[in-house]
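A.B. asks: Given these sequences and hints, build the entire structure.
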Amino acid sequence: MTAVLVRRRTKARPWLYLLPAAAVLVPMFGYPVYMLGLLSVFDYRQAQVSGGQPSTFVGFGNYATLLGDARFWEVLAQTVGFAAALVAATLAVGAALAVLMTRVSPVPRTTLSLAALGAWAAPAMTGSTVWMFLFDADLGLVNQVLGLDGFNWFYDRWVTFGVVGATIVWHSFPLVMVTLYAGIQAIPASVLEAAALDGASAWGSFWKIIVPMLRPLITIVVIQSVIWDFKVFTQIYVMTNGGGVAGQNTVLNVYAYQTAFGSSEYGLGSAIAVVMTLILLAITLLYIRALYRSGEKL
Amino acid sequence: MKFLYLTAAGTALLALAACAPSTAPAGGGADEKTGTLRVWLFDEPNRAPKEKVVNEAIKEFTAAHADVTVEVTYIPTTPARHEKFKGAFNDPASSPDVAEYGNTDLAEYAAAGGFADLTADLQGQDMTPDLLKSAAVDGKQYGLPWFIGVRALYYRTDVFDELGLKPPASIGELTETARTIRKKKPDLYGMAVGGENTFGALPFVWDAGGDITSLDSPESRKGVKAYTDLLTEEICPPQACVSLTGGKTVELFASGKAAMGIGGNFNRSAMDAGAAAGKYAVVPLPGSAEGSIAPAFAGGNNLGVMKNARHRTLAVDFVKLLGGKAYQMKMYEAMGNLPTLTSAREEVAAKDPFLKPFLDTVPKGTKFVPIDPAWVKIDNGKVIPTMLQKIATGQATVEEATTEAAAAVKAAFGRS
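For the record, the sequence lines run as chains E and H. No gaps in the numbering here: position 162 of the first sequence is 159 in my numbering, and each next residue is one more. Just add 68 to the spot in the second sequence (first one is 1) and you have my numbering.
None of these hints come from the bench; they were simulated from the model. Beta carbons: idealized from backbone N, C-alpha and C, even for Gly. Among the clues, some could well be false.
Said to hold, decoys possible - Covered by chain E, according to a simulated footprint, are these stretches of chain H (three or more residues, beta-carbon under 8 Å): (1) 172 to 184; (2) 302 to 316; (3) 416 to 427; (4) 443 to 450.
C.D. replies: What follows is the structure, given as structure tokens:
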């Protein structure tokens, strides 16, 4: 009798602990996602919202429209490529600066962390606008310093992605840097010292000691970066004025926004958002699983 | 366990509520004869003169109607206006009685069922049928055209005099003149042309006999080519010009960096505030045949009554007052808005020679965007700018880009 009670209590306990989190997540996250999914199976446009026409259930009709649209695939491929490049760049910059911070004296270290905090604290909107001014064709500081009068940084597709990508990395590297710096600080100095005594180079000890020991932290920052960079919106929307010349810089989130709110195709826009959510979930799950498979503890 | 029950109960509740996404309640309208009449008008870069005229109208209106006050809200003209209007359609409590709206937005608003049918209330207006139609959908009048804007060709008299050039009388001459200017004065753009200037490009398409609904026809292609031929290194380099909107090309001309530019009668104050002030003149935008005029776009704003209005009769009276001849004339004097009433327009034309090239354009036939919710989709989806930009940047030929744009237009109509 008591054994059963105890077992039941132990079984219920994890759920009990999850309750506070669930109380926040269900209304704040579950309900919007549910509404999103619901909208995505309806033909739901402005006329339906304001009651001019009845809304009709179209099943997977919006998804069929979407998957049959060549533009969607083009934007999806572009988004994946852009996000992958951003994750790699953010991690490289963040890790390099984190290592640098462990090796310099306090004054440059403080300067660096203050500068990074500034970038971190800058709202995406402000940062994008400031970078846009810096790269302005006629009045921008960059063109004045480089003597490139009238060069339009937002004309060529890849140059534009470069400038916008730099802005996004500038916004997101501080988190990676601070997290990894804290991780490196937590590695016992004796381990690194022993490696150095055994003749390991700085490069070698970074890859063979620091990276493996920081793997759980790196996992977290990679997942965070993937999620952030895949759903990038503000920088693209602001800096390229909603997708650049002939829409060549459109990413999935901007595309979803323009479909849902620009064209008032709320149903179709929701379908894009659902597809995005599924892709992100899949990437995250696959990544975590791959880590478990390789026998590393998280 | 309790949690599981809760979840199950919650899921069941949600499933019950899940029949369909919510829709606005129907029929918020009424016809009260007293109270506060709420009016939405567009905010302008320089609002003071508009506000002054509107306040005069309100004074006259409240003097004639006992126990009525008028409350005006100035709303932005940015794309956020769509959200404001959608909100008013969806929620009767936040709906005004009278609203000013751009005539290109009409079809979307009419399809959403947001504005009241005023056909019976607005009989016998002193207006050309073309103009009245710009406020009608399927034969129903959804508002009173309040003012229009017409575009024409601004050019720099000092540059033309110095180089011994004459204002162009055909599109061929326009292109040639623009090339000559840039060749002789490399600091100047031959003409300020924008890859996102939809209403600058459309007259070229209409003049060639094409239209938005048939962008891949040989006629439309001819017009698109004529416009994109201006977006080249020798006239307005794509690097600088491909992302320009109509407003930006006006700024470019006003700042003295371009020898020609397409601008509206409503851009006069901007021109006079820039380096080009006092050194420009205006001619109608020429068509392809020597001495012809390209059809202009009949852009403008209407005054409408919301379906959710709580003071329908009062609202119609206010529209008739503010949209009547006396206040159209006052609005012209204050803001330079061209009156829609024929008699009022003739009066201001006689007074102000600046308007002549714009008004000469109107009788040659004005054109309009498709009166269909699809237009908002085509416009917001940047179908026409994308087409122009692809051609100007060499990403596509005229044939490829127009075929693609025609497909996008067709898709927009198909889903509306």
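A.B. asks: Each of the hints needs a verdict: does it hold here or not?
C.D. replies: Each hint tested on the structure:
1. 172 to 184: holds (count 5)
2. 302 to 316: holds (count 5)
3. 416 to 427: violated (count 0)
4. 443 to 450: holds (count 5)
Hint violations for this structure: number 3 only, all remaining hints satisfied.
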